[in-house]
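The chain contents come next:
There are 2 protein chains.
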Amino acid sequence: MTTEPDSKRPAGRPRTAVLSRERILETAFTLADVRGGDFTLAALARELGVRPSALHHYFAGKNELIAGMRGQLTTRVGDHGFDSLSWHEAIVPWARAYRQTFGAHPGIIAALATLPVDDEIESIIDYERIAAAMRRDGYPEHRIVPAIVAIESFVIGSALDSLAPEDNLRPVDNARLAPHLTAAEHAARAYASARARSAVDETFEFGLAALVAGLVAATEIDAAEADATGARA
Amino acid sequence: MTTEPDSKRPAGRPRTAVLSRERILETAFTLADVRGGDFTLAALARELGVRPSALHHYFAGKNELIAGMRGQLTTRVGDHGFDSLSWHEAIVPWARAYRQTFGAHPGIIAALATLPVDDEIESIIDYERIAAAMRRDGYPEHRIVPAIVAIESFVIGSALDSLAPEDNLRPVDNARLAPHLTAAEHAARAYASARARSAVDETFEFGLAALVAGLVAATEIDAAEADATGARA
DNA sequence: ACCTGAACACCGTTCAAGT
DNA sequence: ACCTGAACACCGTTCAAGT
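In the order they appear, the protein sequences are chains E and X. 77 is the number that UniProt numbering gives to position 77 of the first sequence; each next residue is one higher, with no gaps. 94 is the number that UniProt numbering gives to position 94 of the second sequence; each next residue is one higher, with no gaps.
Everything labelled a hint here was simulated from the structure, so no lab data went into it. These figures come from a predicted structure and were not determined experimentally. Treat the hints with care, since some could be wrong.
Beyond 10 angstroms from chain E on every Cβ pair, some chain X residues (computed) [to be verified]:
#1 Ala-11
#2 Ser-20
#3 Leu-25
#4 Asp-33
#5 Leu-41
#6 His-56
#7 Thr-114
#8 Arg-135
#9 Ala-218
Derived SDA-like pairs: lysine to any residue, alpha-carbon spacing no greater than 20 angstroms straight-line [said to hold, decoys possible]:
#10 E:Lys-62 / E:Lys-8
#11 E:Lys-62 / X:Thr-40
#12 X:Lys-62 / E:Arg-35
#13 E:Lys-62 / X:Gly-36
#14 E:Lys-8 / E:Phe-39
#15 X:Lys-62 / X:Leu-19
#16 E:Lys-62 / X:Ala-110
#17 X:Lys-62 / E:Phe-39
#18 X:Lys-8 / X:Ala-43
#19 E:Lys-8 / E:Arg-46
#20 E:Lys-62 / X:Asp-38
#21 E:Lys-62 / X:Arg-35
#22 X:Lys-62 / E:Gly-36
#23 X:Lys-62 / X:Ala-110
#24 E:Lys-62 / X:Arg-46
#25 X:Lys-62 / E:Gly-37
#26 X:Lys-62 / E:Thr-40
#27 X:Lys-62 / X:Ala-43
#28 X:Lys-62 / X:Thr-40
#29 X:Lys-62 / E:Ala-110
#30 X:Lys-62 / X:Arg-46
#31 X:Lys-62 / E:Ala-111
#32 X:Lys-62 / X:Gly-37
#33 E:Lys-62 / X:Leu-19
#34 E:Lys-62 / X:Gly-37
#35 X:Lys-62 / E:Asp-38
Beta carbons are placed, not taken as given, at the ideal position from N, Cα and C, and that holds for glycine.
Please construct the entire structure, taking both the sequences and the accompanying hints into account.
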């Protein structure tokens, strides 16, 4: 994988820069793609044919590098028709893309989920787009952020869950220990394969649809509450 | 914090064992409780007044230690009335306890969420209890595991989210950049504080209620589908 | 059996030194 | 400005040596 395996570069500034933020990020993503691959600056430097200390010229440290990756991923998720569709229609492909984009880099997803995001510009823009659509559609003001956070939590949790070897709930020979679970597991597998979908994908789509439907229904409950309060006043 | 700060133990087997799996796990949890505290075997050994290599006598490695912690946490979550209540009533306090139990150890949650769980006995028992209640209540067989996974994903994602400094979506001075988001954020805060709840807790409860409601509603859709299919046959 | 102590192959980060 | 190279304070894990 290494670009130039054994070409030794002398000390001192190279005639033309070997590195760049873009090249580092690009290589970092390929490193994060492999499952067991330890995501270390040392391994990244190796892949780039460079010394680890060279990376600190472009990123203050490992955390800043990961923040840079996160920002790029958020941008990649992109828009999904929030202008032309209702928020609860547009949010489904958005969530799907979110999960797929973050789930595609198993080596980094835990760090991405853990790292403080404080005021990342890409995330703010992303959320603003969704919040604007929800306000336009008359979603209760105080429920907008909770709804977005709920969907994001579900997506992050699902992306983490999809990292499990095959399936978290896989009673291999515990059919005797957990008969109900085993039966349910088989039914779910059969259903997914009948629909020509992977079990994890089918599970994600089902959960996402349920969550969004529940969030929409919560609107109506709140509206009824508001009406009752208004009538009383 | 260290039990015996500078008492040097000579090499060789101590007269009575200094360590035990229980004591190691207990200390490991206190280490995982602190936010920034790096959760390392070295730090754990330091806290126990022992050399790092001594730990390998009780746990094969760091992963096995974390697996042990995970199992203990799962047990702690415990039962929540699945026998006496309907599954969608009992699942709410269960999910609440789940999030609180795992969220109480910020130093370890990412590792807990990431580590493969393959066939952990405590988790199997936990899931079996829920699956049994759902079957009893007539939840569609093929939707049981997806529903459980959806809730678990939401809980894990919420626990991770609650690690963020205060709130992920906190546009400090980006009121101009993200006016809709800022307004929604304020409304959510005001609503939460009016109900004497933290914003994160209010958000979690709202999302959980929506998700469970959506999962229950999905039952009816599936049932209608089944009826239609049955009528056709 | 249960611990120490030394050793090994790693980390991330800092900083002087080279061009 | 941009990289190497050496140094520092760490890791997790293995294993001989002690009692």
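Comparing the hints with the structure gives:
no. : hint                 : result
1   : Ala-11               : 33 angstroms, holds
2   : Ser-20               : 27 angstroms, holds
3   : Leu-25               : 22 angstroms, holds
4   : Asp-33               : 16 angstroms, holds
5   : Leu-41               : 17 angstroms, holds
6   : His-56               : 20 angstroms, holds
7   : Thr-114              : 4 angstroms, violated
8   : Arg-135              : 5 angstroms, violated
9   : Ala-218              : 5 angstroms, violated
10  : E:Lys-62 / E:Lys-8   : 25 angstroms, violated
11  : E:Lys-62 / X:Thr-40  : 18 angstroms, holds
12  : X:Lys-62 / E:Arg-35  : 19 angstroms, holds
13  : E:Lys-62 / X:Gly-36  : 16 angstroms, holds
14  : E:Lys-8 / E:Phe-39   : 24 angstroms, violated
15  : X:Lys-62 / X:Leu-19  : 16 angstroms, holds
16  : E:Lys-62 / X:Ala-110 : 17 angstroms, holds
17  : X:Lys-62 / E:Phe-39  : 18 angstroms, holds
18  : X:Lys-8 / X:Ala-43   : 17 angstroms, holds
19  : E:Lys-8 / E:Arg-46   : 12 angstroms, holds
20  : E:Lys-62 / X:Asp-38  : 15 angstroms, holds
21  : E:Lys-62 / X:Arg-35  : 19 angstroms, holds
22  : X:Lys-62 / E:Gly-36  : 16 angstroms, holds
23  : X:Lys-62 / X:Ala-110 : 14 angstroms, holds
24  : E:Lys-62 / X:Arg-46  : 26 angstroms, violated
25  : X:Lys-62 / E:Gly-37  : 17 angstroms, holds
26  : X:Lys-62 / E:Thr-40  : 18 angstroms, holds
27  : X:Lys-62 / X:Ala-43  : 12 angstroms, holds
28  : X:Lys-62 / X:Thr-40  : 8 angstroms, holds
29  : X:Lys-62 / E:Ala-110 : 17 angstroms, holds
30  : X:Lys-62 / X:Arg-46  : 15 angstroms, holds
31  : X:Lys-62 / E:Ala-111 : 18 angstroms, holds
32  : X:Lys-62 / X:Gly-37  : 16 angstroms, holds
33  : E:Lys-62 / X:Leu-19  : 35 angstroms, violated
34  : E:Lys-62 / X:Gly-37  : 17 angstroms, holds
35  : X:Lys-62 / E:Asp-38  : 15 angstroms, holds
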